[in-house]
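The opening position of the sequence shown corresponds to residue 1 in full-length UniProt numbering, with each subsequent residue numbered one higher.
One should not assume that every hint holds.
To be verified - 30 Å max Cα-Cα, derived DSBU-like pairs, lysine-lysine:
(1) Lys441 / Lys94
(2) Lys485 / Lys438
(3) Lys441 / Lys147
(4) Lys95 / Lys441
(5) Lys96 / Lys147
(6) Lys575 / Lys96
(7) Lys434 / Lys147
(8) Lys575 / Lys522
(9) Lys147 / Lys567
(10) Lys575 / Lys434
(11) Lys94 / Lys188
(12) Lys95 / Lys438
(13) Lys441 / Lys25
(14) Lys567 / Lys438
(15) Lys96 / Lys354
(16) Lys97 / Lys474
(17) Lys438 / Lys526
(18) Lys567 / Lys526
(19) Lys438 / Lys256
(20) Lys188 / Lys474
(21) Lys526 / Lys441
(22) Lys438 / Lys147
(23) Lys354 / Lys474
(24) Lys438 / Lys497
(25) Lys25 / Lys94
(26) Lys438 / Lys522
(27) Lys441 / Lys97
(28) Lys97 / Lys151
(29) Lys485 / Lys497
(30) Lys256 / Lys354
Source of the hints: derived by calculation from the structure; they are not laboratory data.
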Amino acid sequence: MSLTVLLTISLISAPILYLLAKVNKNFAYTVYALIQLFAFSAIFFNWIYIPEHSGLRIFSNLELTFNASILNRFFASVTMLIISMTAVFMLSIKKKKEMKLMLLSLVSTGVIGSMLSNDFLTLLIFWELTTWSSLIMIVLDKKIAWKEALKYVAVGSIGTYSMMYAVFLLYNRFGTLIYTDVANELMKTSGGFQLLIFILLAVMAFAKAGSFPLHIWLRGAHSSAPDEFSSILSGALTKMGAFLMFIVVAVLPSTKFFAWMPEVQGIPLPNYILALLSGISIIVGTVMAIRMEDAKQLIAFSTVSNSGYILMALAIGGPYATAGGLMHVLNHALASSAMFLAIAAVAHRTGTTKMHEMGGLIFRMPFTFTAYLVAIISIAGIPPMSGFASKWLIYQQLVRNGLPFLAFMAFFGSIGSFMYVFKPLAGIFLGQLKPQHKNIKEAPIPMLVSMMVLTLLTIFWGILPSNAISFTNKISEQVGIATIKTTFSEIFASTGKWDSIIVVTVFTIGFVIAFVISALAKKPKKVDLMDTYTGGEFIYTAELYHFSYKMYRSFDRMFERWPLMEKWLENTSYKLRELGAFFRSLFYPSSPQGYVTLSILAILTAYWWLR
Numbered sequence: 001m002s003l004t005v006l007l008t009i010s011l012i013s014a015p016i017l018y019l020l021a022k023v024n025k026n027f028a029y030t031v032y033a034l035i036q037l038f039a040f041s042a043i044f045f046n047w048i049y050i051p052e053h054s055g056l057r058i059f060s061n062l063e064l065t066f067n068a069s070i071l072n073r074f075f076a077s078v079t080m081l082i083i084s085m086t087a088v089f090m091l092s093i094k095k096k097k098e099m100k101l102m103l104l105s106l107v108s109t110g111v112i113g114s115m116l117s118n119d120f121l122t123l124l125i126f127w128e129l130t131t132w133s134s135l136i137m138i139v140l141d142k143k144i145a146w147k148e149a150l151k152y153v154a155v156g157s158i159g160t161y162s163m164m165y166a167v168f169l170l171y172n173r174f175g176t177l178i179y180t181d182v183a184n185e186l187m188k189t190s191g192g193f194q195l196l197i198f199i200l201l202a203v204m205a206f207a208k209a210g211s212f213p214l215h216i217w218l219r220g221a222h223s224s225a226p227d228e229f230s231s232i233l234s235g236a237l238t239k240m241g242a243f244l245m246f247i248v249v250a251v252l253p254s255t256k257f258f259a260w261m262p263e264v265q266g267i268p269l270p271n272y273i274l275a276l277l278s279g280i281s282i283i284v285g286t287v288m289a290i291r292m293e294d295a296k297q298l299i300a301f302s303t304v305s306n307s308g309y310i311l312m313a314l315a316i317g318g319p320y321a322t323a324g325g326l327m328h329v330l331n332h333a334l335a336s337s338a339m340f341l342a343i344a345a346v347a348h349r350t351g352t353t354k355m356h357e358m359g360g361l362i363f364r365m366p367f368t369f370t371a372y373l374v375a376i377i378s379i380a381g382i383p384p385m386s387g388f389a390s391k392w393l394i395y396q397q398l399v400r401n402g403l404p405f406l407a408f409m410a411f412f413g414s415i416g417s418f419m420y421v422f423k424p425l426a427g428i429f430l431g432q433l434k435p436q437h438k439n440i441k442e443a444p445i446p447m448l449v450s451m452m453v454l455t456l457l458t459i460f461w462g463i464l465p466s467n468a469i470s471f472t473n474k475i476s477e478q479v480g481i482a483t484i485k486t487t488f489s490e491i492f493a494s495t496g497k498w499d500s501i502i503v504v505t506v507f508t509i510g511f512v513i514a515f516v517i518s519a520l521a522k523k524p525k526k527v528d529l530m531d532t533y534t535g536g537e538f539i540y541t542a543e544l545y546h547f548s549y550k551m552y553r554s555f556d557r558m559f560e561r562w563p564l565m566e567k568w569l570e571n572t573s574y575k576l577r578e579l580g581a582f583f584r585s586l587f588y589p590s591s592p593q594g595y596v597t598l599s600i601l602a603i604l605t606a607y608w609w610l611r
């Protein structure tokens, strides 16, 4: 199938599905899910082809071009997997709106076009299609969400204008915007121009990835967006920032054209600064996630942290960091989407995402609990889930390059992640079941199917990370980066090796031993959960006996005086409004006497100037 046909189907499906949903919403949502599954399959199994001279010409000498290289297909496959699984999940949602289908179809079109782009103009155009479609999605269910939407627009505009300026500069100087052609031309130009292009494109990458200091849109966007759309925001759309970052540091590549710059442990200074900002993103995201009381906001800050891991790995470069960063793109997409979908399933049944308003749902939603549990094990980087392998590779590069400060930031994020992923686990699924939730049921089948697919893939690539690394090695070969050695179950690094089969075997033996001990032990007497929880004492306020609000209050006190970027921006906005009000009072008086005074002053000034 031609890529042009795939993009056309995705684009024209937007108005068609909108009209179809007017007639039958369930059927329209089913068609949308089938289209997304087909698009993912076509990209992943490489059913698409791009004929020569197939670019879409928009001016006499400028056209939109595409590429189906292993790099493009990797990012497109990851993002479309998340979108297709979310589409399956949405078959059971309550708020099925016609506009959702149209906007989601446009988002999918933008993702496919940008991830399979071969030049910066194509990337920018499809990127904007995704941005504006997702903006409307954020406010679709909550009309009061415009303040958060404006943050999304503001940060997005910073990135967009930066990239537009870079596109204008590149085309004006080189007459081309194709990635490889730009890379060749940049090697011949001045260092100052190279640095300017690097900064402009990096700003766009950080804005889209939701990384510090352009992370302020994530919390509000996730808390305001439809619950199921948060999966796409975190698992798919933030990965577009990682795609651009990889283009900047590996395809152009910044590590080569910054050879004239000072180095830090073999890393060019601009790349090291990006890695440092990414490390700050890890710390900020981790600390803020621990302090959140809303599950969606917590996972949003987790995305800030994990975007930091991805961008740090890509910025420092090297075989292990490149493989680890690319693999973490996959792992975080799977885990964060599974977490958001699990919370969306819980909200579907309970109507809330506030952790302290729930508890004990493991007894009513065990499969949803399993999906969340596997996802957080991966996010925390604990074996045998896939998240461990990617973080292990990143640590290997940090140790190999002798970067203790960046390594401290990365380790801080991993340790802190144990705290924040446990908070929803304890607050939502463990502890005392609230009386009002005693009769709720497990999530509907379509929701469970999508969560279980993501869960099984997380387990699969945790058991056999070499399978995922085979893809990252091909990408490294494409851009001229050394590959890493792997076998069926082993990953070899400079400080040792990781054998996933041995680890999985040890875990399995441990579970078998525990199961045997449990089976041979005396059968316990089954009593009501409340009896276990209160020791048989009769109570009247069961909802007060599950403590999860402000779980880490002592930790909060340590960081409550931290300067927050959002607070600083709000204060700056307030001061600017005050300044504007002052000037308005000068030039737009509230009384006629003021206008007369200004007129007299203007006449006297003109007379004095002209005499």
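Agreement of Lys256 and Lys354 with the hint, judged by alpha carbon distance not exceeding 30 Å: Measuring from Cα to Cα gives roughly 48 Å; hence the hint is violated.
Proposed proximity, Lys147 with Lys96 (alpha carbon, max 30 Å): 24 Å, holds
Restraint status (C-alpha distance of Lys575 to Lys96 at most 30 Å): Violated - the C-alpha atoms of Lys96 and Lys575 are around 42 Å apart, more than 30 Å.
Pair hint outcome, Lys438 versus Lys526 [Cα-Cα no greater than 30 Å]: 17 Å, holds
Given pair status - Lys441, Lys526, alpha carbons within 30 Å: Holds, at roughly 21 Å.
Restraint status (C-alpha distance of Lys434 to Lys147 at most 30 Å): 33 Å, violated
Straight-line alpha-carbon gap Lys441 to Lys97, limit 30 Å: 24 Å, holds
Pair hint Lys575 and Lys522, alpha-carbon separation not exceeding 30 Å: 69 Å, violated
Proposed proximity, Lys522 with Lys438 (alpha carbon, max 30 Å): 28 Å, holds
Pair hint Lys95 and Lys438, alpha-carbon separation not exceeding 30 Å: Roughly 24 Å between the alpha carbons, so the hint for Lys95 and Lys438 holds.
Agreement of Lys95 and Lys441 with the hint, judged by alpha carbon distance not exceeding 30 Å: Within the cut-off at roughly 19 Å; holds.
Hinted pair Lys188 and Lys474, Cα distance within 30 Å: 28 Å, holds
Hint check: violations occur at hints 2, 3, 6, 7, 8, 10, 11, 14, 16, 18, 19, 22, 23, 24, 30; the rest are consistent with the structure.
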